[in-house]
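Student: Residues per chain are reported as follows:
Number of protein chains: 2
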Amino acid sequence: MNLTVLFGGSSYEHEISIVSAITLKDKIKKHNLTFVFVDRDRDFYLIDKENMKSKYFASLEYKKAKKLNLEKGGFSYKKLFGAEKISGVVLNLIHGRDGEDGKIAGMMQFFGIKCITPNIEASVISYNKLYTKMYAKEIGVKVLDYKYITDDSYVPESFPVIIKPVRLGSSIGVSIAKNIDEYKYGLDVAFEFDNGVIIEEFKEGINEYNLAGCKAGEFIFSKVEKVKKDEFLSYEDKYLDFSRKEAKTEEVSKELETKLKDNFRKIYNNIFEGSLIRCDFFEIDGEIYLNEINPIPGSMANYLFNDFDEVIEKLASSLKFEKHINIDYSYINKIQMAKGK
Amino acid sequence: MNLTVLFGGSSYEHEISIVSAITLKDKIKKHNLTFVFVDRDRDFYLIDKENMKSKYFASLEYKKAKKLNLEKGGFSYKKLFGAEKISGVVLNLIHGRDGEDGKIAGMMQFFGIKCITPNIEASVISYNKLYTKMYAKEIGVKVLDYKYITDDSYVPESFPVIIKPVRLGSSIGVSIAKNIDEYKYGLDVAFEFDNGVIIEEFKEGINEYNLAGCKAGEFIFSKVEKVKKDEFLSYEDKYLDFSRKEAKTEEVSKELETKLKDNFRKIYNNIFEGSLIRCDFFEIDGEIYLNEINPIPGSMANYLFNDFDEVIEKLASSLKFEKHINIDYSYINKIQMAKGK
Chain P
1 MNLTVLFGGS SYEHEISIVS AITLKDKIKK HNLTFVFVDR DRDFYLIDKE
51 NMKSKYFASL EYKKAKKLNL EKGGFSYKKL FGAEKISGVV LNLIHGRDGE
101 DGKIAGMMQF FGIKCITPNI EASVISYNKL YTKMYAKEIG VKVLDYKYIT
151 DDSYVPESFP VIIKPVRLGS SIGVSIAKNI DEYKYGLDVA FEFDNGVIIE
201 EFKEGINEYN LAGCKAGEFI FSKVEKVKKD EFLSYEDKYL DFSRKEAKTE
251 EVSKELETKL KDNFRKIYNN IFEGSLIRCD FFEIDGEIYL NEINPIPGSM
301 ANYLFNDFDE VIEKLASSLK FEKHINIDYS YINKIQMAKG K
Chain W
1 MNLTVLFGGS SYEHEISIVS AITLKDKIKK HNLTFVFVDR DRDFYLIDKE
51 NMKSKYFASL EYKKAKKLNL EKGGFSYKKL FGAEKISGVV LNLIHGRDGE
101 DGKIAGMMQF FGIKCITPNI EASVISYNKL YTKMYAKEIG VKVLDYKYIT
151 DDSYVPESFP VIIKPVRLGS SIGVSIAKNI DEYKYGLDVA FEFDNGVIIE
201 EFKEGINEYN LAGCKAGEFI FSKVEKVKKD EFLSYEDKYL DFSRKEAKTE
251 EVSKELETKL KDNFRKIYNN IFEGSLIRCD FFEIDGEIYL NEINPIPGSM
301 ANYLFNDFDE VIEKLASSLK FEKHINIDYS YINKIQMAKG K
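So the sequences go chain by chain: P and W.
Residues 1 to 341, numbered by this note's numbering, are exactly what the first sequence covers, in order.
Residues 1 to 341, numbered by this note's numbering, are exactly what the second sequence covers, in order.
One or more hints might be untrue.
Stretches of chain P that chain W covers, calculated by requiring three or more beta carbons in the stretch to come under 8 Å of a beta carbon on chain W [as the list claims (entries may be wrong)]:
no., region
1, 49-57
2, 91-103
3, 107-119
4, 201-212
5, 303-310
According to the in silico footprint, chain P covers these stretches of chain W (three or more CB under 8 Å from chain P) [to be verified]:
no., region
6, 50-60
7, 112-121
Hints listed in this document are in silico derivations from the structure and should not be mistaken for laboratory results.
Quick caveat: nothing in here was measured; it's all calculated off a predicted structure.
In this text, a Cβ means the ideal position worked out from N, Cα and C, and glycines have one as well.
With these hints in hand, go ahead and build the complete structure from the sequences.
Tutor: Rendered as C-alpha cells:
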C-alpha cells in the first residue's frame, strides 16, 4: 500500500509532529511510505526518506526539497513536461493546529483525497476540551466537573486545581495551582495560548489509562496502557514520549478493560470514523471518566498495537469518499420554465 | 473595498447559493464585487458580473469562464506570462456542505485569506443540530427538548413530532409526523440524507423570530423579523426565500427585542467572530428558545439591515489573520545539543 505521511504544520506541536513522523518511518515496515512536510509557512515539501532526520528540518535544509501543490486528487510537483501526482492514502500526522483543528481534514475532503484523519466534526469535538466535555455528557460518558472561563474573574473555592487552555494539546499552557498565587500565574500562562480556559479540581494519584483504536468494519483495540507519572507529563516529557516505540503496559483486569472499551466505542461512534484515536481515561472508585481524546496521538500510538502495519492497512481500506451529491439544476430549470424563458 | 463572493459548492444547497449570490449582486452597491463559483466538481471559476444569471449556471455555460487556482494568499488565474491574483476579502456564501461544514473556513485560514465566514468550530456547532443543542445548553440558552437517534428503534410517545436530519439546512429532509405511519416515512426520508436524526415535539402556532447580526468591535444587530408561516417552510418556499431583498418585519416589543439580543450575544460570543449569522428563536410563554443558527443565512439576511453595505464593510475590517506561531526548532536543537551532534 502507498501511504503519504503528512507532518509539520503551523502548530505549537510542529516539532513534535516531526518526531512522530521520524518514529513512524521505522515502525511502518510493510507499506511504501512518502513523506510530505508542511513547513511553518504552510508550504508543502516532498521529503526523501533518507532526509527524515530532525536536523534536516531544524537547519531548514528541507527548503531545497521539491515543493508540492495541493490540488484535486492529491499532491503534485512540476516536472519539465507536465506534473507528477503522488498517489495513495494520506496519513494526517500534524499534531495541534492545522492537523487536529479540522483544516487538513477539510482540505483532503474538498480535494477528494482519502486520508486517515479525524474528520472536521471529530476534530472540533476533540480539539476543544469544552466541546469534548459537552459531547461526552451527551453520549453518556462521564467527565470530571469543570468550570469554563473566558476571563480571570472566577476564583476556585478550593485547591489544587488544574488549568487548561481549551484548545491546545501536549500539555502546552497547562499548569497545576495549589494556591491563589499559583492560580493567577497559571491563568496568565493559559490565556497567553487561548481565549478560553477550563478549570478542574486536580485529583492526585488517580489511575489513568490510555486506550487506542479505530473502526475498520469492526473495532480494533490496542493494549490498555496504565499511565505512570509524578504529577503530570510536561511538554518536554511528552515531546520525548512522542518518539516512543514501546508500550509501558501493565496487566489490567478484564472488567476494567471491558469498561474502557465500552466507553471508547461510545465516543468513537460514528464521528471518529476514518481516524485512529487514543482516549485517555481516569478511573475513580470503579467509575470511568473521559479525560481527553487524542484524535492524532503521538506516533499514532503505534507502540500499543501488536501489528501496527495491519491496523493501518485495515483502516486505510475502510476509508470512503464523501457522499456524491447530484446537482442537476432542477430548481433553477423549474423557475426558468415558469418564467417562460 | 474589494469583495470576492464565493458561491456554489458540492452541496444540496448549491442552487440556493447561486440565487443568494445573484441577489447580493444587486444589493451590495458600494463595494467592488468579484464572483468565484465552486462548481459541482469543486472546480473554481471566475464569473463575469454580467453572467450572474441562474441560467448561465444551469446551462453549464460557466465552464467557458476562467478557471482559478486556490493557493496561498488567494485565488489566481494563469496569464500568458505568470499569474494574476484576486485581491480582497472573501465572502463565503456557500450554503450547506463545503461552506457551512467548515471546509471553506479551514482552507481560507490555511491559505491566509481573510474571509467573512463562520470559522471551523462555529461551522461544526451550527451545522450539526445536535451540537447546536449541546452548545446552547452549555452557554445557558434554552432549546426545545429533543431525542437524538441513529436508527429507527425509537418511537415517540405522542405526536405530532418534527423530524430533522442533524446536518442539513434549508429544511431538506425535514418533515412533520402526526402519527406513527407518517413518522416511519419521515424517518426513512431523513435517514436518506444523514446518519443522525433529531426528533422534537412539534408545537403548532408558536411564535418564531429571526435576528441577524455580527460583531465588528461592537455588536451590529438587524431588525427582528417575525416569521409568518403555515406549518413550516418547505425547501421550495425557502428557495424563493433566499432571493429576498425585503424584510417582512413587524413591530416587536422592546422587552422581547432585548431578550432576543441577549440570547444572540451569548450564542455569538466568541466562536462566531468573523461571521454574520442569523439566529432563529422560538418564544413560548415569554421564554426564548434557540431553534437554529444559520451561520451563512440566505443572501446574508441583507433585507434585515438598513445599510447592508456598511455592515459588510465593518465586518470585513474586523477580520484578523490567525495568530502567528513562532517555530524556531528550540526543542530539536536542544536534543541535538544533548546528543553532542
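Student: Hint by hint, say whether it matches the structure.
Tutor: Each hint tested on the structure:
1. 49-57: holds (count 3)
2. 91-103: holds (count 5)
3. 107-119: With 5 residues in contact (Cβ-Cβ under 8 Å with chain W), the coverage given for the region 107-119 of chain P holds.
4. 201-212: violated (count 0)
5. 303-310: Answer violated; 0 residues pass the 8 Å Cβ test.
6. 50-60: holds (count 4)
7. 112-121: holds (count 3)
Violated hints for the displayed structure, listed by number in ascending order: 4 and 5.
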